[in-house]
Each structure stands twice: as C-alpha cells, then as structure tokens.
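Please model the entire structure based on the sequences and the hints provided.
Which chain is which? The protein sequence lines are A and B, in order. One rule links them: number in the working numbering = place in the first sequence (from 1) + 594. One rule links them: number in the working numbering = place in the second sequence (from 1) + 594.
Think of the hints as simulated: they come from the structure by calculation, not from any bench. As the structure is a computational prediction, the values presented were derived from the model and not from experiment. Hints may be right or wrong, so weigh each one.
A pair holds if it fits inside one copy or across any two, identical chains being indistinguishable in the list.
Okay, derived cross-link-like pairs now, PhoX-like style, lysine-lysine, Cα gap no bigger than 20 Å in a straight line [what the hints assert, rightly or not]:
id: 1; residue 1: K637; residue 2: K857
id: 2; residue 1: K669; residue 2: K702
id: 3; residue 1: K596; residue 2: K702
id: 4; residue 1: K611; residue 2: K776
id: 5; residue 1: K702; residue 2: K776
id: 6; residue 1: K819; residue 2: K776
id: 7; residue 1: K702; residue 2: K712
id: 8; residue 1: K702; residue 2: K819
id: 9; residue 1: K819; residue 2: K857
id: 10; residue 1: K644; residue 2: K596
id: 11; residue 1: K819; residue 2: K712
Here are the chains, one letter per residue:
There are 2 protein chains.
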Amino acid sequence: MKPPDPSLLSLNTATVKARWNLAQAIEGCARHGIRGIAPWRDKLAELGLKKAVSLIRSHDLSVTGLCRGGFFTAKDWLDDNRRAIEEAHALEADCLVLVVGGLPEGSKDLIKARERIKESISMILPEARAAGVPLAIEPLHPMQAADRACINTLEQALDVCDALGEGVGVAVDVYHVWWDPKLEEQIRRAGRKRILGYHICDWLVPTRDLAFDRGMMGDGVIELKKVRSWIEAAGYPGFHEVEIFSERDWWQRDPDEVMRTMKERHLSAS
Amino acid sequence: MKPPDPSLLSLNTATVKARWNLAQAIEGCARHGIRGIAPWRDKLAELGLKKAVSLIRSHDLSVTGLCRGGFFTAKDWLDDNRRAIEEAHALEADCLVLVVGGLPEGSKDLIKARERIKESISMILPEARAAGVPLAIEPLHPMQAADRACINTLEQALDVCDALGEGVGVAVDVYHVWWDPKLEEQIRRAGRKRILGYHICDWLVPTRDLAFDRGMMGDGVIELKKVRSWIEAAGYPGFHEVEIFSERDWWQRDPDEVMRTMKERHLSAS
Numbered sequence: 595m596k597p598p599d600p601s602l603l604s605l606n607t608a609t610v611k612a613r614w615n616l617a618q619a620i621e622g623c624a625r626h627g628i629r630g631i632a633p634w635r636d637k638l639a640e641l642g643l644k645k646a647v648s649l650i651r652s653h654d655l656s657v658t659g660l661c662r663g664g665f666f667t668a669k670d671w672l673d674d675n676r677r678a679i680e681e682a683h684a685l686e687a688d689c690l691v692l693v694v695g696g697l698p699e700g701s702k703d704l705i706k707a708r709e710r711i712k713e714s715i716s717m718i719l720p721e722a723r724a725a726g727v728p729l730a731i732e733p734l735h736p737m738q739a740a741d742r743a744c745i746n747t748l749e750q751a752l753d754v755c756d757a758l759g760e761g762v763g764v765a766v767d768v769y770h771v772w773w774d775p776k777l778e779e780q781i782r783r784a785g786r787k788r789i790l791g792y793h794i795c796d797w798l799v800p801t802r803d804l805a806f807d808r809g810m811m812g813d814g815v816i817e818l819k820k821v822r823s824w825i826e827a828a829g830y831p832g833f834h835e836v837e838i839f840s841e842r843d844w845w846q847r848d849p850d851e852v853m854r855t856m857k858e859r860h861l862s863a864s
Numbered sequence: 595m596k597p598p599d600p601s602l603l604s605l606n607t608a609t610v611k612a613r614w615n616l617a618q619a620i621e622g623c624a625r626h627g628i629r630g631i632a633p634w635r636d637k638l639a640e641l642g643l644k645k646a647v648s649l650i651r652s653h654d655l656s657v658t659g660l661c662r663g664g665f666f667t668a669k670d671w672l673d674d675n676r677r678a679i680e681e682a683h684a685l686e687a688d689c690l691v692l693v694v695g696g697l698p699e700g701s702k703d704l705i706k707a708r709e710r711i712k713e714s715i716s717m718i719l720p721e722a723r724a725a726g727v728p729l730a731i732e733p734l735h736p737m738q739a740a741d742r743a744c745i746n747t748l749e750q751a752l753d754v755c756d757a758l759g760e761g762v763g764v765a766v767d768v769y770h771v772w773w774d775p776k777l778e779e780q781i782r783r784a785g786r787k788r789i790l791g792y793h794i795c796d797w798l799v800p801t802r803d804l805a806f807d808r809g810m811m812g813d814g815v816i817e818l819k820k821v822r823s824w825i826e827a828a829g830y831p832g833f834h835e836v837e838i839f840s841e842r843d844w845w846q847r848d849p850d851e852v853m854r855t856m857k858e859r860h861l862s863a864s
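And the structure:
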C-alpha cells in the first residue's frame with residue numbers, strides 16, 4: 595500500500611500538551627511542515643481566540659477539528675457547546691468534535707443517558723448548521739463508557755447521525771474503534787458524508803492506563819494501513835490527525851522529537 | 595423487581611483465588627450455603643481431578659462452568675482443550691468456558707485471528723459434543739482484544755455460534771458486555787439455547803487496571819437487575835456466577851467475608 599500523502603498529517607495538540615502551549619504548537623507545526631492542527635479548548639482559552647485565529651492563519655494551517663464539545667452531562671453544557679460552536683466557526687474548523695459524556699452523576703441508566711445525548715445534540719444542531727460547523731460524534735472505547743462517553747461504537751454513532759440528519763457525522767479515532775468486528779462495514783456505511791475526522795495513534799500491549807497510555811503509530815497492534823485503506827475506500831479525503839495521550843512516554847519527551855517521530859511514523863507505519 | 599433465587603448463586607473460584615485453594619473454596623461454598631461453583635483449571639490441577647470430583651459431589655454442588663478452555667493462540671491449544679473437555683465432562687460442568695485468545699505473537703491481523711478462532715472451535719466441537727460438554731464462548735471486553743480474547747461482543751460470539759451449530763453457546767459476563775448498546779437485543783437473540791452461563795460483578799468508576807480491578811455487585815455502575823431481567827426474559831434458568839478479579843480489594847480480604855458479601859449483594863444488588 596502506498597504511504598499516505600504527508601501533507602495530510604495533522605497535530606492534535608493533546609499530543610504535545612504537557613510541554614507546549616497553543617502558540618508553541620502552531621509554531622511547531624509550521625517549523626516541521628505539518629499542515630493541520632486540532633486545538634483543545636483549554637489551550638485555546640489560554641491563548642485567546644483572536645490571537646489563535648491570527649497565528650493559525652499567518653501560518654496557513656488547516657484546523658482539522660476543535661476539541662471538544664459534548665459532555666452533555668455537565669451543568670452548563672448548552673452554553674458551553676454554544677461557545678464551542680462559535681470558536682469552531684471562528685477557527686474555520688473542519689468540525690467540532692463531540693465527546694458526549696458518560697453516565698450522569700449518581701445514575702446507572704445507560705439507556706436514558708444515551709437518549710439524553712441524542713436530544714442534546716439535536717438541541718445544538720441548528721446553531722451548528724447555521725454556523726457551518728459540522729458536529730463530529732466521536733465514539734469512545736467501551737472502557738470509557740461510564741465516565742467519558744457512552745457512545746461506544748461507530749454503528750451506534752451512525753445510528754444517532756441517521757436519526758438527526760444533516761450537519762452531524764463522526765470522528766473515527768482508531769484507538770477507540772480498532773477492536774470492532776464491524777469496523778470496515780461501518781466505515782463503509784459512514785462514507786465520505788459522515789466521516790468528518792480521522793485520528794491515529796496505536797494500542798500498546800500491555801496498556802497500563804485506561805486513558806493516558808496511547809502509543810505512537812507503529813508501536814502497538816493496530817493495523818493502521820488497513821484501517822486507512824477502508825477510510826480511503828469510503829471516500830474520506832481529509833487529514834490524519836495524531837492524538838496521543840501518553841503520560842509515561844510521549845508527554846515526557848521534547849515536543850520537537852515527538853513531531854519528528856510523528857512525521858516519520860505517519861509515512862512508515864500508518 | 596423480585597430479588598433472585600438465592601439458590602442460583604455460584605462462586606467462580608477466581609473471586610477467592612488469592613487465599614483459597616479449590617478444596618477450601620468447595621468447603622467454603624458448602625459452609626455458606628452456596629450451591630454452585632466454577633473452578634479454574636490451575637486450582638483443579640493442584641487438587642487433582644478425582645479428588646475435586648469427589649469433594650464437589652460429597653457437598654452436592656453444581657459445577658456451573660469450568661474455566662477455561664480456549665487460548666487458541668497457545669502452542670499446545672489442541673491438546674489442552676481436549677484435556678479441558680475431559681475435565682469438564684468428569685466434573686459434569688454446565689459448560690466449558692472459552693476465553694479464545696487475542697492476537698498471535700507478532701501478528702496484528704485481527705481478522706485472521708478471528709477466523710482462526712472459529713476454525714479452532716470447530717476442531718474441538720465434535721469431541722465436546724461427544725462428551726456432552728457445551729462450549730461457552732465468552733466475549734471479553736474490547737480492552738482485552740489484543741491479549742486475551744478477540745471475540746469482543748455478544749453479537750460477534752453469536753455469529754460464531756450460528757456458523758458452528760449445536761453444542762456451542764455463550765457465557766454472558768456483565769463486566770465484559772454491560773456497555774454494549776445492543777446488549778438487550780443480543781441477549782434476546784441468544785435465547786435459552788445459547789446462554790450457557792451468566793457471570794456477575796460490577797464496573798468500578800474509576801477503573802484502575804484493565805484486568806484486575808473488578809467490583810462487587812452494587813459497588814459500580816452496571817444495572818445488574820436490568821441485565822438479569824433480560825437474561826430471564828430470554829429464558830435462562832441457570833446460575834448467577836460471581837467472578838471478581840480484584841487485586842487491590844477483594845483478593846486482599848478474608849474469603850469468608852467475601853462469601854458473605856457476595857450472598858448479600860446477590861440479593862440486594864443483582
């Protein structure tokens with residue numbers, strides 16, 4: 595299989611969050627010839643939206659997604675998601691990534707939690723459409739169902755998309771979905787229309803933490819080239835965003851080393 | 595919802611493995627009035643099959659499952675599974691639980707691994723049928739796909755059952771499947787014929803280890819009563835087997851305390 599187009603590489607700023615603020619990440623992308631960036635909103639708030647927009651434009655970077663909206667279990671979810679949509683609009687982001695939240699405090703009712711998520715997305719969808727900001731539901735790994743997101747398979751996310759119509763799709767993060775026996779089938783079902791983002795990293799064996807032990811592409815067991823072939827066959831033309839939460843390894847390293855490794859592995863291992 | 599019949603409680607010996615050998619677990623069940631037991635094969639080998647059969651019969655316990663066959667990635671998998679079938683037969687176990695194994699050493703090919711598992715089960719199935727030992731495929735949580743079992747949903751396990759025919763079914767362990775949006779639907783599909791075992795415990799928030807941090811019923815977020823109602827609606831009349839891997843908590847406690855808690859929580863929280 596042909597290596598991917600290097601100009602499709604994007605940095606999700608979580609990958610370098612321990613040592614770089616957003617300005618440093620933007621400048622790092624420019625320095626390393628990485629054309630896409632996906633900022634997290636805490637770092638965005640730190641820098642300020644206007645400065646971020648201006649700095650990103652001055653380096654002509656594409657914003658492959660804004661992380662994140664969602665968390666519909668939070669008290670101020672509606673206002674917070676409205677602000678996120680405005681920010682994504684200002685950044686001309688390809689999508690606003692929704693990490694939908696898990697079980698509400700004190701509840702075990704997963705079915706109701708999932709219903710509420712669908713309703714909540716439907717409530718912010720008109721504003722997102724009006725702002726031209728596609729909403730990307732990110733199915734999270736089932737091990738994060740209770741505390742982070744109770745949308746846990748691509749099939750489930752696409753069922754929600756089908757119920758809600760235009761303006762909503764999915765972010766396919768290999769870390770969350772690689773294990774799914776229906777992955778190829780559901781990527782095909784999603785098609786170009788629904789795939790709004792493609793996130794890469796790797797699954798380490800052993801994995802020592804349920805959230806912060808992701809691997810660099812090539813260091814784990816995910817068949818990244820095969821998954822990319824499915825994504826491409828579905829017609830997705832967009833960026834490959836590297837998102838690595840790694841408390842013990844990559845967050846400890848010099849971010850310039852991380853960027854160089856990312857670039858190499860994007861070509862050799864994904 | 596009515597509490598469950600207390601005579602349906604079964605001890606999976608993993609729950610007390612840190613402090614009790616199999617003889618102690620059998621005697622513990624008898625002492626606490628627990629009518630079912632599911633031994634692990636390492637403890638069985640330690641005690642000896644004949645002694646185990648005799649001790650279990652002398653206390654008139656039901657063997658709700660033998661843990662475990664499977665691990666089709668191991669070098670001696672065929673001989674080992676044959677021995678497991680013989681042992682399950684001698685114990686008159688309700689089923690032999692199959693933990694099917696993850697990716698073969700050095701491979702990332704999940705699709706091929708899954709195909710190989712199906713073939714391997716089909717190779718031991720005639721012997722299992724002849725011995726009157728139902729094989730129970732246990733779908734494991736997706737977080738264990740790489741290293742323990744790459745059958746990860748009930749739907750996937752039932753597809754394998756449908757392909758293989760009679761003599762094979764599933765062990766439904768709430769810990770592995772509670773998050774699945776299709777759980778109710780797939781339990782209904784499985785029905786009385788395919789559900790060979792029902793394992794309970796709880797999912798803790800936070801979960802601090804991918805394998806050994808399970809909770810006691812009632813201490814986590816699984817809607818155990820709801821899942822039991824689905825299992826019962828599907829016609830499953832069998833035991834509720836408590837299987838708790840818990841390095842930091844329950845394995846540290848006096849097993850008699852564990853047994854008492856299990857009995858209480860079976861009634862109050864499952």
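So, going through the hints one by one against the coordinates:
no.	hint	verdict
1	K637 <-> K857	neither (23 Å within a copy, 50 Å between copies)
2	K669 <-> K702	within (18 Å within a copy, 42 Å between copies)
3	K596 <-> K702	between (46 Å within a copy, 19 Å between copies)
4	K611 <-> K776	neither (33 Å within a copy, 36 Å between copies)
5	K702 <-> K776	between (27 Å within a copy, 17 Å between copies)
6	K819 <-> K776	within (17 Å within a copy, 29 Å between copies)
7	K702 <-> K712	within (17 Å within a copy, 35 Å between copies)
8	K702 <-> K819	between (38 Å within a copy, 11 Å between copies)
9	K819 <-> K857	within (15 Å within a copy, 50 Å between copies)
10	K644 <-> K596	neither (39 Å within a copy, 60 Å between copies)
11	K819 <-> K712	neither (32 Å within a copy, 25 Å between copies)
Violated hints, listed in ascending order, are 1, 4, 10, 11; each of the other numbered hints is respected by the structure.
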